[in-house]
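Undergrad: Bring the two chains, given one by one in their own frames, into a single complex with the hints.
Listed below are the residues making up each chain.
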Amino acid sequence: MPAFDEMHGFGQGVRPAYRTIQAWLDSSDPENLKRLQKEAEFLFRRIGITFAVYGDAEAEERIIPFDIVPRVLTGSEWATLSRGLTQRVTALNRFLADVYGAGDIVRAGIVPADLVYQNPAFRPEMVGLKLPHDVYVQIAGIDIIRTDDKDFYVLEDNARTPSGVSYMLENRDVQMRLCPDLFAETRIQPVDNYPDELLASLRSLAPISAPAEPTVVLMTPGPLNSAYYEHSFLADKLGVELVEGRDLYVLDQVVYMRTTRGPKRVDVIYRRIDDDFLDPMVFRPDSVLGIPGLISAYRAGNVTLANAVGTGVADDKAIYTYMPEIVRFYLGEEPILKNVPTWRCREPDSLRYVLDHLPELVVKEVQGSGGYGMLVGPKSTKEQIETFRARLVADPDGFIAQPTLALSTSPTFVGEGIAPRHIDLRPFVLTGADKVRIVPGGLTRVALKDGSLVVNSSQGGGTKDTWIIEDPADSAPPSAGLSQSQSQAGG
Amino acid sequence: MLSRHADSLYWLARYVERAENTARLIEAATRLSATPIIADGGRNEWEMAVDGTGTLDRFHEQHDEATQRTVVDYLAFSSANPSSIRSCLDIARANARSVRTALTMDMWETINSGWMETRGVNSPNLTRQELSDFLSRVKELSLRFDGSAYRTMLRNDAYYFLRLGTLIERADFTARVLALKADVLDPTRPSLGGSADYFQWSWILRSVSALTSYHWVYRDNLKPNLVAEFLILKAEMPRSLVSCYENIMINLDSLSRDYGRQGASQRKARMLLSQLQDTTLSGLFAIGLKEFLERFILDNASLGDTIAEQYLG
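Protein chains in written order, with this note's numbering: chain F, 1 to 491; chain E, 492 to 804.
Chain E extracted, bound-state conformation (with noise of 0.2 Å):
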């Protein structure tokens, strides 16, 4: 295929798996906010969501105080951030536009309506049931798009492009999201007392989506460092790291076999899964867990070039 129609598709899922991220930040950082709690080093629950996009020097030229106001007009509408839902939005329609051959009617529609439906809705000063109706059809959309994506496309260098997209916007999502609470999920640090402690861990499964999977997978309260395996290194968890990198490496070993050739990106993921995979738990909390996070954004961040220079240039 070309390779700006695989450059688009690639971007495309990326954007709609960003938007549907900061959808879930916000949602998880409203929730916050309805709770006593406010005990973060004097970092409230809006300033951490705008850091788990990582854009709070972005944020803090625009506006001085993180608040529920300033936070979801940033996230969520503001065309000054490139990051925003209606921006991710916006330029993942413009790709799907550009790409339009290469979707599927079900997923050119699901974007397109999608589109037009949140593209009403910006007033920041939306009552909360608006705001979350505006979220839940933007997790809508994200959910559909990979719906229509599984059942109606052809398995080809297109499903694996988009595929690959999607994957690596995750993993750098939900590898922000723990960095952010590092310091939280070390099980030597003390205890925040009271509830404070449950309502840090659940936030950052309410983030990625995964509260309810937790229970099922441990079948036991909150623990820091079941947190930090259950999003780094449990492979049934379809956020973890691991997973996201089992299925990149799925999708590059579809397109090398396709292709007739390995290059660099599959050699590249092929490390870092399997330095995942060889990772455990003592062994993560004894780099330090911020410090492992941080490479691995980095290491994410490269692969993501990689596949760019090899195949999309």
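Next up, chain F with everything else stripped away, as it sits in the complex (with noise of 0.2 Å):
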């Protein structure tokens, strides 16, 4: 059966959300098509939103395709989607403040102790901290697919430093560019907001100590970091100093930055750079992109790391597993977005199971991200099938595996004209110590290669603009009943 398609279903016509779009390409022959693509590349390669892949010193800086056909959601399939994402990373905060804290959900039998307490993910220096508000994910991406015009699934939750939110903005700036005409019969909402409600949620989980005015730096690996861009993008959005750890040291237990004009105090640090490299005294010895005692400063509460460190305990895809149950622990409700149903290795029976079904399913590394050290069953040779089947059997707790979903295909422009091709989507929800806030959109990120179903841009992903636009007037309602049963397979 073909997946489904954001423009046209499963081929009963064009959904009322895409009757713009339809028109619009209906219109437009391939070379002004053409055009507009090569026209989005120039641009960006201007601005400079380049991306250096790890591993590929021949193409340090690349840029992300950026497809000229955006992804439509309406407005009720927002809400929601809205509501879920909600739910859901409010689950992972409570869930984080209960495994640094007095560990109720272990005790009550529902995550296994090891998952947590074992996993690398778990910094014992959280254990018994007590955070501003208990939020320990302010920023998380969560990424999003669909398989109808139903459900939403949940494919992964991103709480570490999740990225892509610049291209979400850049991407409707070079849109607007490219199709004027289309923003002008459609009421598209906005997502230039991002950094004002960054910003808003930061300062809100400033520590007790500082002043009214905290102020709040981002954090970078420095300019051979891959997200480097986005890095300066965000801080020239927020008007924040972009620092690198040789731009902050502590005394007595405080963080301060070296300016022109001598010390400053920097209360808030939205860092983009993994735990492991945070401290070289607590963490990674030989991390020389840390500052030294910044966990002692953030012990004594002194300042706001954003995320906290060991969130990574949270969207481990060990824990993912749980999350259904996890939003029924803490919050008593019905989880409004689905998990992907999943087989925990661990476990013997799924394992028989996955072995059994290799050239089926879609292996994953629990630890892993980017789409890298991942096995799509469908899409491999015998041989990688086997050598994948060697790791498996040598390590089966680092593993889980989902069956191949057929990922929701979008219209994409693919040089001869256009073709669908399977997308996902990151929103990215921000918690504050007042609420959460969550910008319309996301990242719509598309698997270019026909066929793919791998959307990372490590991968030869693309991205696409992402459009909310008020319901159609004659769309269907909004599916009722979303309260389904989650699928847990395995055991």
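These are calculated hints, taken from the structure and not from any lab test.
Keep in mind it's a predicted model, so treat the numbers as computed, not measured.
Backbone N, C-alpha and C fix where the C-beta goes; we use that ideal spot for every residue, glycine too.
It is possible that part of the hints are untrue.
[What the hints assert, rightly or not] Using C-beta positions, here's what the derived DEER-type ranges look like:
| # | chain 1 | residue 1 | chain 2 | residue 2 | range |
| --- | --- | --- | --- | --- | --- |
| 1 | F | I208 | E | E600 | 39 to 47 Å |
| 2 | F | R107 | E | E800 | 45 to 53 Å |
| 3 | E | N647 | F | M281 | 29 to 37 Å |
| 4 | F | R246 | E | S524 | 41 to 49 Å |
| 5 | F | I208 | E | S745 | 56 to 64 Å |
[As the list claims (entries may be wrong)] Reference listing, derived: stretches of chain E covered by chain F, where coverage requires no fewer than 3 residues with Cβ under 8 Å from a Cβ of chain F:
| # | segment |
| --- | --- |
| 6 | 494 to 501 |
| 7 | 583 to 590 |
| 8 | 706 to 719 |
TA: Structural data, given as structure tokens:
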């Protein structure tokens, strides 16, 4: 069966949300589209939106391809998503406060103790530490997919240092420059208030000891990092300093930055650097990117880190399989967003099933990210499957498996014309002291290769502008009954 | 602002200015090489061009002979020369990338697109036309960078550090070009005869892009003492030493006003500026032009160090 298409559904004609797009595509000849695509690439290159691909020295700076055909969601689809995202991220934060605090969920037997406390991302330094308003994940990127017009599934929670939001913002800018007429015909929810919302969230979580106007900085590993462009872009939009470790130092458990006017106290660090590199005195001693003494200042409550240290224990793929129970446990609600059915290879029955069905399944490393180290069964050769089988048998705890989902497709310009390509969506969820903020939309990623299901930019994925539009007058009412039972396969 | 950002801005500006200056040196040498005179104690115009960048020793480590081919390669494209145009633009862009937040979009686009456009050019076997196009693009990059800074940047410390980088580099270059030809500018020296003097003097002015403005200011033929006066003491000439220092002072004063504090940089610059302002043409030649310029180059470098110590560390 062909995948669900965002524009054509299962082939029953154009869905109302896509009428404007349809009319635009119908009236544009391929040459015109090709010209727009070229212009888009030129704009991105000039602005300097480049992306370094690890392990690829030749293409040190490469742009993530931008597709000129926007992806559209209706207001009511977004309303569902938005409620689901708020619920999910609230549960993630409650989970983190619990596992670094009382540990109720483990004692209740909902999540196995070893998955939490033996988890490499679990940070003993965080135990017993009280964070402002118990917020651990100030910025989350939740990867969402769908396979029909009813349900949204969470593919992955990103609770460490999710990236991509600069593309959400730049894609809108470029799309508006390329197709001003489209924007005149459709009312699209703006995204450009994201930096304001982010700053408001970050400030609301400053330490109690901070002044009324806390000093926020964005910390980057430096220009060689693959997301450096995004770091500098965001710092600029936020109006905060873009710092590296060497710009900061700690004195008497207070963090200062070196400025041309002398030392200046820092209250909130939006850090885009992994836990391991934050403080060579506590984590990796060989890290030259971090700030010696940072964790002592953190534990003294003199600085806020966003996201908090040790959030990785919540977005791990093994914990992921428990998310429906985690939502129910803390919030007493049914999850609004579904989980993709997942086999935990650590459980012997599941492992047996997975080993028997490798050619049909997607197998992922529990600790992996960015589309590295995964097996897409149907797209792999016999050798690749056998190599993976050996790894799986050697370390079953390190893997989970999921069915190969028919991710929805969206019309995409592919050189010769328009063709369907698989997509996902990463909305960005901000948690402050007062509330959860979500800018309507997110980053739509698209697998540009025909038939490919891997949307990661490191693996040949591209991006699209994402539109949340008012519900078309004659669109179907939003699907009722969002309380589906979570498929927890395996076991 | 972050000290590291101030440092990157300062060096970004210096390297852009250096790239432009080097492009002008190559242009001036190309022009001189088309004239019939080769008379400077056996030094040819290509060796002079290298000397103008103060890296003659390094050049001779890599090349025996200074020819158009070796010098253009060394000054424009060599990655072994940290001050080649290619190296300057690479370093400038790396600095720009690390201070993206302190640059306006226009400035970043200028640096980034200029870097991309010139990156592909690197054969030492370029035709004259191709070389000339390349040099024009480099000059254009620098002009657009200056212009976009002037038109789009907030007037705050970031702007002042950027300007300081440009001005210190510019003063250094003017002084070096003059020092190179200090002997032919000595009015008591016997003439080389014919049009030889004219080519030497005009080479100096061309290297700092000042030939036309000389005529506007003096409405006279080229005279060696006036060339020296023009590039050292004339405040209306933007590449003259005195003009560079007037502007260095303005930017340092703006900084100390904003920061509420004077420091060693302000004191040192004020002293150097008043020395320049008190100097007369006859005084210059009495000290000895070459000695004067060599001391200036050292003083100017030392002001750079003082600024780094006070603000950029």
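Undergrad: Of the numbered hints stated earlier in the document, which are not met by this structure?
TA: 2, 5 and 8
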